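There are 6 protein chains.
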Amino acid sequence: MTDDTLRPSGRAPDALRTVLIEPGVARHAEGSCRIRMGLTEVLCTASVEGRVPGFLRGKGEGWVTAEYGMLPRATHKRGEREAAKGKQSGRTQEIQRLIGRSLRAVTDRKAMGEMTVTLDCDVLTADGGTRCAAITGAWVALHLAFEHCMAKRVLSRNPLLGQVAAVSCGLWRGVPVLDLDYAEDSAAQADANFVLTGAGGIVEIQATAEAEPFSEHHMLGLLALAKQGTAALFAAQQEAIGA
Amino acid sequence: MTDDTLRPSGRAPDALRTVLIEPGVARHAEGSCRIRMGLTEVLCTASVEGRVPGFLRGKGEGWVTAEYGMLPRATHKRGEREAAKGKQSGRTQEIQRLIGRSLRAVTDRKAMGEMTVTLDCDVLTADGGTRCAAITGAWVALHLAFEHCMAKRVLSRNPLLGQVAAVSCGLWRGVPVLDLDYAEDSAAQADANFVLTGAGGIVEIQATAEAEPFSEHHMLGLLALAKQGTAALFAAQQEAIGA
Amino acid sequence: MTDDTLRPSGRAPDALRTVLIEPGVARHAEGSCRIRMGLTEVLCTASVEGRVPGFLRGKGEGWVTAEYGMLPRATHKRGEREAAKGKQSGRTQEIQRLIGRSLRAVTDRKAMGEMTVTLDCDVLTADGGTRCAAITGAWVALHLAFEHCMAKRVLSRNPLLGQVAAVSCGLWRGVPVLDLDYAEDSAAQADANFVLTGAGGIVEIQATAEAEPFSEHHMLGLLALAKQGTAALFAAQQEAIGA
Amino acid sequence: MTDDTLRPSGRAPDALRTVLIEPGVARHAEGSCRIRMGLTEVLCTASVEGRVPGFLRGKGEGWVTAEYGMLPRATHKRGEREAAKGKQSGRTQEIQRLIGRSLRAVTDRKAMGEMTVTLDCDVLTADGGTRCAAITGAWVALHLAFEHCMAKRVLSRNPLLGQVAAVSCGLWRGVPVLDLDYAEDSAAQADANFVLTGAGGIVEIQATAEAEPFSEHHMLGLLALAKQGTAALFAAQQEAIGA
Amino acid sequence: MTDDTLRPSGRAPDALRTVLIEPGVARHAEGSCRIRMGLTEVLCTASVEGRVPGFLRGKGEGWVTAEYGMLPRATHKRGEREAAKGKQSGRTQEIQRLIGRSLRAVTDRKAMGEMTVTLDCDVLTADGGTRCAAITGAWVALHLAFEHCMAKRVLSRNPLLGQVAAVSCGLWRGVPVLDLDYAEDSAAQADANFVLTGAGGIVEIQATAEAEPFSEHHMLGLLALAKQGTAALFAAQQEAIGA
Amino acid sequence: MTDDTLRPSGRAPDALRTVLIEPGVARHAEGSCRIRMGLTEVLCTASVEGRVPGFLRGKGEGWVTAEYGMLPRATHKRGEREAAKGKQSGRTQEIQRLIGRSLRAVTDRKAMGEMTVTLDCDVLTADGGTRCAAITGAWVALHLAFEHCMAKRVLSRNPLLGQVAAVSCGLWRGVPVLDLDYAEDSAAQADANFVLTGAGGIVEIQATAEAEPFSEHHMLGLLALAKQGTAALFAAQQEAIGA
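Chains as they are written, first to last, in full-length UniProt numbering: chain X, 1 to 243; chain G, 1 to 243; chain W, 1 to 243; chain F, 1 to 243; chain A, 1 to 243; chain V, 1 to 243.
Rather than coming from a laboratory, the hints here were simulated on the basis of the structure.
Values in this document were obtained by computation on a predicted structure and should not be read as measured data.
You can't tell identical chains apart in this list, so a pair holds if it fits in one copy or across any two.
Here are the simulated DSS-like pairs of lysine-lysine, each with C-alpha atoms no more than 27 Å apart in a straight line:
#, residue 1, residue 2
1, Lys-87, Lys-77
2, Lys-77, Lys-110
3, Lys-152, Lys-59
So that you can see chain X by itself, here it is in the shape it has in the complex (with noise of 0.2 Å):
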């Protein structure tokens, strides 16, 4: 590899930065991990509640919701209070829908019964890929809240179905490259997120050109990185929960 085509990051093009789960950081919460993600830094907390939403009540069926957010500071640049401004953003609503999505299609909600689990992903620090840790660490603060449900006797089994993780991959000077970090994200010609399976399903994959069009062998490249780096993370994972 020349230098010309290096990534800002200088890691092999399938490198994915360095990854740290440490369960059970949140005292209060019933399921709990901070995840790492190189620099990136995400809490997740899972609070498990006896209700549900108005629209499934009575259906037997349990929930699992996410919210998302950064603290101010988590940023280069300071960012303003969302809590101040009085409203969330279009990009953290978008974030907390996909969270909640990618964790609904691997749980059994008729196991759940009447319940709903609310996944708190808060970033401590940002740099690139917060939403993919975000959901890698939510999975795990969920299974130990299912966990912890289960020692309570509230649940007789666990309701996951099998592990979801995420990774972001984009183009770099044409080349796949695996997990961008904040730099490297701002200078991609495309990036993409992907949601996967423990037993190699897709769960969601939002791919966006930034600078121009891409191709169809393009997008199987980086899903084939994806691939690859998810592996790494539902080690991490199983790691996390004892497993």
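With chain X held as given, fit chains G, W, F, A and V onto it using these hints.
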């Protein structure tokens, strides 16, 4: 094909709904059209303003942005008016961000000079695929608005670099099908929105498993249908702009 | 009449603009129409719901209410979207309260039973007189919705006690003129909105001196024109409902 | 008159409530008064600021605007505080727009220069007719504020072109009656607010049928009463400003 | 005392402003008063409602809460109306929480039964010490409201356990002074609000160094003045309730 | 001490919880620390910006302000996210105003030049005393941010005039106790927050009787404990800044 696998609309898996694009319907707008995809009907207007948002001031570039709305009774059941609720839903914001990104992907913003075009996409009747129809129609409105600027000698050439259109595809009982209507969208195993360019490039893919994860093979099947579907949309756009 | 006193539109002082009411345009609504008064174009839908607001619960009466909106580019210059601003303007609220009151004035709410009809009046193109067009069109949508309920055997008779329609009049260089368009409305000395019934009664008068106060004599001149103008509107309503 | 047609207050049909206007009650305001119409009590202040809203900048004209509020316990039953609810009701906005229009109708805005006067009308006790009392009192506060500016040599003459006052009338069992209190307003068949000038001109009429439509004949009866009632209000204003 | 240490108002360090409490001024309220502390003037009303907030339902206890507002022109310079801004400031919320806590400290909430009293404190004229005047006046309004309930046989005894009143003190050139007006408050080195009971107890102290930190010795000097000042306020309250 | 008077935490009346201040935890902030007081854990960041709010422009002075937030699951029961609710509670605003005032009391704002430092205090885990921990930690973050500016030669000396720290005290069964945790705070008869300087001065006292009023004698007991507690906090601050 047996009755069992027949999709709800009865259309062939690769059949697009009837597309109708009526240009110039909004008397005051610099560019406009009404687009129908089957029963779905969206009014798209392009409004030109001779200034740019703060973050672009003095850079000699233009901006293209979008807003999306749905009339309260565009749907089967009346939806609450967002202006009365006092905020736009996460879904609305997600869609209008997508429309804006999609159009910017085929616009040479330097060629615009310091000018903003706002695309308003208002759904008059909803029957699935409203965001895709909005993108396809917004391109026509934008093209006409740029032509209007050329006629007024505000622009010397059309800053559009090519066409962009969008279509949704989904998995129905394991079979990829093109252009979901509302009933199909509600019942599909997975649905995906593809934003593609006239030159065959991918601008955006948003693919979501509704029930269970899907495979790469399925993904490729959906993409193939999308290419076929957008080919017809590009032709309809050409006809609408009188090219 | 000399050139000097010719009103901006060139119409005779007592000439109404061309009125067109197209019923049944909204596929999902129980009743609907598109009304045009010259270039002004308003989409009116009536949505029926089998319950009433809290203050009427258990009283065996129905409720008729209205919401009003304007598409951002219904006007010469794009207006900010109220949903994006996060609130409805005072003007919007004033108009929707007027529409609701006007329709309730000709409705036997006891005959409705506990049912709410919401009239959504959305301006597609604005060229003056939008609130009046909204009232005239809303009556058609409401009538059709009640007929729909009768066909469904939810109602045994139509709760409408008669027709209601509205028209604006104004003083142009001291002369009362009928049905102001936007240019005329901006230049008039006074303008007044009249909501009248088919039986010749007054439901509402809102008369405002724009420049200088006007006299009782002028007021009577405006009212005489309004009676003449609404006579034509009542005929158009009759035709639209197929009576 | 038989007992049967006696209006709820027992007053003669053409009897105004006792009017009291106490000028100069607000220590900090450039002009102010407390106006009582029977039990209704409104505090009106005029605040002068040496600049105009954006749409008037550089035009050498002034602006007069109004805000209206009601103390939570001005009414029989405590009303929710609008500041706590986070928005002004449609009724509040409608009223404050009316007050502003009414005062501007008798103000020579060119004579003001680039200056804004904001009239705050806050209802301390409500017993019907608060918007009319607010207009009548606001004129006094505005007059005093302009005199204050003349004393300070900011203005060389008073920009008020004449007096303006308002009164409500209504139909009680078919008989026009003057100056409705709360109980009468609730029971009237129709009620109308008239804003009239000292010179006998009409500034604004807002007439509404509460129960059933009314006739032109009734309208004229209400207007005649309003002229009689405002004559007394003009005298009370003159006395309050020490003319 | 030399000229140099004379406080801005010219009052002796331990001199309270003239206190006037006029009970029963709000016609509709169950209890009310207008309190003046020098130029500061606050209208306090107590509104009784036969239910409690959700968190108290079924507990057999009552609730006392407060809201605070300032008329836009209560101040030297007109302040923006909070209802128009769409939110209450942090200062407003802080003050109304303080008023509520202070009154609850002397109320036997069990003796109230399930009843809520809302104290509305609206500042008509502000010249320093508005929150203290509000507390002192609110106690009178509350007392009168409870007496009203006893007269109506809704309560068998008055749930007030004693009196509560508040006064501000401050450091002026190192000397503790009582009851700051606006000019003094702006110039003081420190100011403190004391909420004390008739029995000599402390309900709340809020002491803030404006310029530089102050000492324990100063703190005790301020508290001594506050005791002296509230003694006069307790007498004024007694007189107002006709005790 | 008998069992009966033992405080809930079992600590001696004058025992502070373990204090840990970890500086420099936020990668992007100019100054930061994580402070723990027992289980309470607050992340404090200081963000420097080279401009001041409007009211200070052109005065050559700086500004120090604060924002406070709590992660939804910092508490036993999940609290609703303020960004999702669309507004900050009165409690939040009260606390952030207190933090800002406290830091400004020890800052020479003229020495800052036209610069703003925003202190963000976000509670990761709450167990009582979060506002006090926030103040104590914010001082460390502010100190580090000023040192950062000195290293960058933006400031020639540190504008901090001394240390400031805060601690809560309360009355437990009549006995003053230091540094309440959540369980103690809920059960205390009175609680008080003291903001004191390293030089022994009082910056702010907020003392509130929860159940019944307390005496001056108790007040002095609480203040004595606060002086003792802050002495330990000042030492911890010194250690954190490496002094």
